[in-house]
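Undergrad: Order-wise, the sequence lines are chains A and B.
Numbering of the first sequence is given in the working numbering, commencing with residue 376 and proceeding in unit increments.
Numbering of the second sequence is given in the working numbering, commencing with residue 173 and proceeding in unit increments.
Which residues of chain A face chain B? A few of them, derived with a C-beta cut under 8 angstroms, are:
#: 1; residue: His497
#: 2; residue: Leu542
#: 3; residue: Gly562
#: 4; residue: Thr589
#: 5; residue: Leu594
#: 6; residue: Thr596
#: 7; residue: Ser644
#: 8; residue: Gly696
Covered stretches of chain A (chain B as the covering partner; in silico rule of three or more C-beta atoms under 8 angstroms from a C-beta of chain B):
#: 9; segment: 531-540
#: 10; segment: 547-555
If you want the footprint, here are the derived chain A segments under chain B, 3+ residues with CB under 8 angstroms:
#: 11; segment: 566-573
#: 12; segment: 697-708
Because the hints were derived from the structure by calculation, they are not lab data.
From the three backbone atoms N, C-alpha and C, an ideal C-beta is built for every residue, glycine too.
Residues per chain, in single letters:
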Amino acid sequence: MPTSRRQFLRTAAITVGSLPFAQIGARAQAPVRPGRPVLVTVFLRGAMDSLGVVARPADRDYQRLRPSLGLVPPDASAPENTRSVLLEGAYALHPNLTPLLTHRDSLTALVGTGLPRPLRSHFDAQLVMERFGARASELREDGWLTRVAAGLPDRSPTAAVAIGTALPHSLARADAVTYTDRRRVRGGRDAEALFRQLYAEGRDDGAQRDIRDTGRRGLETLAHFRALAAAADRESGFGNDPLSRALRTVSSLIRGDDTVQLVNVDHGSWDTHRNQRGMLGQRTRELGTALSAFWQSLGRHRERVVLATLTEFGRTAAPNGTAGTDHGWGSAMFVLGTRTERRVLGAPAYGASDLEAGRDLRVTIDYRDVLAEIATAHLGLPAQALGGPRERVGLFA
Amino acid sequence: MRVRSLVSAGLLLALIACGSPTPRPAPDPAPVTPTTPTSEPSEPDAREHARRLVRRLTWGARPGELDRVAADPEAFLRVQLTPAPLPDDIRTRFDVFGTPVGLATRYPRTPPRQAAMMEAASDTVGDDRDLARRLQEFAIVRAIEGEGRLHDLLVDLYFNHLNVFVGKRGIPYFLPDYERSVIAANLDGTYDRMVLGSARHPAMLLYLDNANSVAPRPDARGARANRGLNENYARELLELHTLGVDAGYTQDDVEATARLLTGWNLSAAPREGEGREGDRRFLFRERQHDDAPRVILGERYTGGEAEGTRLLTRLATDPRTRQRLASRIALRFLGEDEDAAARDRLAESLGTRADLAAMHRALLTEVRADRTPGFKTPFDFVVSAARAVGGHVTNPRPLRQALTRLRMLPYQQPLPTGYAFEGAVWRSSGAMVERMQVAWSLTHGTLGVSFDLDLAAPPVADQATLVAWAEALLGPLSHTTRATLMELDANDEATRRDRLAIALASPEFMER
Chain A
376 MPTSRRQFLR
386 TAAITVGSLP
396 FAQIGARAQA
406 PVRPGRPVLV
416 TVFLRGAMDS
426 LGVVARPADR
436 DYQRLRPSLG
446 LVPPDASAPE
456 NTRSVLLEGA
466 YALHPNLTPL
476 LTHRDSLTAL
486 VGTGLPRPLR
496 SHFDAQLVME
506 RFGARASELR
516 EDGWLTRVAA
526 GLPDRSPTAA
536 VAIGTALPHS
546 LARADAVTYT
556 DRRRVRGGRD
566 AEALFRQLYA
576 EGRDDGAQRD
586 IRDTGRRGLE
596 TLAHFRALAA
606 AADRESGFGN
616 DPLSRALRTV
626 SSLIRGDDTV
636 QLVNVDHGSW
646 DTHRNQRGML
656 GQRTRELGTA
666 LSAFWQSLGR
676 HRERVVLATL
686 TEFGRTAAPN
696 GTAGTDHGWG
706 SAMFVLGTRT
716 ERRVLGAPAY
726 GASDLEAGRD
736 LRVTIDYRDV
746 LAEIATAHLG
756 LPAQALGGPR
766 ERVGLFA
Chain B
173 MRVRSLVSAG
183 LLLALIACGS
193 PTPRPAPDPA
203 PVTPTTPTSE
213 PSEPDAREHA
223 RRLVRRLTWG
233 ARPGELDRVA
243 ADPEAFLRVQ
253 LTPAPLPDDI
263 RTRFDVFGTP
273 VGLATRYPRT
283 PPRQAAMMEA
293 ASDTVGDDRD
303 LARRLQEFAI
313 VRAIEGEGRL
323 HDLLVDLYFN
333 HLNVFVGKRG
343 IPYFLPDYER
353 SVIAANLDGT
363 YDRMVLGSAR
373 HPAMLLYLDN
383 ANSVAPRPDA
393 RGARANRGLN
403 ENYARELLEL
413 HTLGVDAGYT
423 QDDVEATARL
433 LTGWNLSAAP
443 REGEGREGDR
453 RFLFRERQHD
463 DAPRVILGER
473 YTGGEAEGTR
483 LLTRLATDPR
493 TRQRLASRIA
503 LRFLGEDEDA
513 AARDRLAESL
523 GTRADLAAMH
533 RALLTEVRAD
543 RTPGFKTPFD
553 FVVSAARAVG
563 GHVTNPRPLR
573 QALTRLRMLP
583 YQQPLPTGYA
593 FEGAVWRSSG
603 AMVERMQVAW
613 SLTHGTLGVS
623 FDLDLAAPPV
633 ADQATLVAWA
643 EALLGPLSHT
653 TRATLMELDA
663 NDEATRRDRL
673 AIALASPEFM
683 ER
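Bound conformation, chain A alone (with noise of 0.2 angstroms):
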């Protein structure tokens, strides 16, 4: 749970000195070298509805949990944009969800993803999830991606970036800057430098030094990110929703500044107690437009990218009595990556014995377990950075 903040400022690196910002903008100029790998974690604020998403929907089981709320089989007789659109296999998305299947060489879909033990509580889940745990008890205090930024090798202090205005638990406790697509200080360049005076490193700050560094830190950031964005190119095919303007903007950022390697991006609300039709239907939209055009985006920065999507947890098998559904259990990932092998891993049972409680989709891979691949597999991070070797999942070629 939160620290104090002096418990805070003990662990988190405070010297960020000055970067060669010029120098960084000018290496964005060669062309693409390996580089430094990158994940970005889009976290489904809410916990989605996993059943109503990626399923198989002409499952017998699957029709008997879902008289409503279900997908419709690619093939059923229906208008089309009501239909599922076939992944691959058994297995159909969502019909927002076509977009995402320009990339489909790229994409794998996970099932039955999520918390080794059943927690169905939003702050909780995402907590616990946030912080790599398996429960609400005996948390680390640092986030997950702040234990993978400290593994990183030859890190910059913008390794880490979350999109927004507040860390999110996934960064708790990191040397990491936040940002928004607001390009400019107000009040133009004699505010700017006024700013930087005031928050410039100083002796006998006392109480407030933590705060100044802070306020630096943004500084430094914003000119920075400002000038990548500017000299990105200004990429077709995003929506306009929050989603899309925060990977468009991340989109730059990765292809401007190959010292960024963490990002996080937050979506929500998928909470979908009631009528859930009409809102699930929003997001799915939202998600396939804007992970699409990221993906496209990107271009020859792909190699280096991969995209993994989290949630909370997923939601009950049954609907409930609001035309939405509750707080469940098993969920699914979507991960973006080129070298992805397979377009669909795992294999969740929709017969009601199969179900927690009778409720839930069961969770057969652990979350812990994707994430600690991509890690090792994609970030090059050892083992030990997450807590040790974990069970292999398929993800990666």
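Based on these hints, arrange chain B on the given structure of chain A.
TA: Okay, now just chain B, sitting in the frame of chain A:
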């Protein structure tokens, strides 16, 4: 903006008289040492004590307030737990008063189509989303222009504890009444009354879906066993409103609570009539209630409405609930050091009946001690900055947009956790830059707040006076803040706005 050296008093006064800006020469490489202040000796201890009280207990000092509090701190403390009257003109500026039916009449759910309504409509009439925006703007302006007593901050704190989200359908009409009759009205009572009020209020029933939770058919099995039941409220009642996630309740307890509270519903809105969406009140619906006996947290409950009330009272007065309330109060008002002893004293003051008034009185004692300051939340910061300049809101929209960017617009938190009050959650590098920009906009007149520059940033005779002004506003200055301000000692309007911006953007002003 930067003067080469201390200007002689005569030349300075001449410049002030003709109002011309000083030229902007190159900065002086040798730092200038300030002379001894020539103003009358201040009483630093009384003033700093006053600053501490005002900073912790209120939305921030408006001009002149610190002197008043320093002169009589006891009088200040005496009124903190009573509601201050609203400024008269606020009622004419914000059409957010009246009953839910009245609000629903004036802000119908769909935009008015009928000609009759169009004729009768003034150009301020809108729909429920307009009402939501008005409510948010009202909350911001009320905090800036009102007295800003502890009472108001407690309403804010408990509202977030029993959070409802204004963006959910139907809720705007009931939100003012929720804040008034459930939160504010119960601040001087016991916590179970607040929880009961919340459980029975249309705003909460709609927000956490209990209005739609019905007992499943008794013969349903397997996947259909829970069809109809919505656990949302029951879970958040246990996890957030009362016991807390570590209390050790089980999924069975959650489900049993949900079943016991089935039937806690609303009267149906009339089919026709103006303001019909607001015409709903609590109604216990026998037919939707699951009255089977059950065990919750080790105690037996039979069916019926009174048993639900009994459960809520039990949860609200539980020692674990009391501990959480005390922690919340301590976190919000006693700075960032975790003072377990103070928290325990606050918990003890609640007594077995969870007497909130007693705890709030105990808070007024605890707040006097010297502690490490906390970090202002975004709302704290924006409001305290506007108050510090003596601001009057001419256009609430830029303020609403700033708080949206800072992610703390009133009533806008969709999660039942409400907004966090831990400073560390809000202290990110991007948010810091956003705050700097808010300070700049405010002082340069683009935040929709008007103020008297002569009052907020008067001309200064010399750097010593400048430092004294800054210290009066901010308390003891760090070296870097002082050095930055000292270079802004010219008295043209631009420089005065700039130094006010720097003061309000300083790390010192971020603390509470």
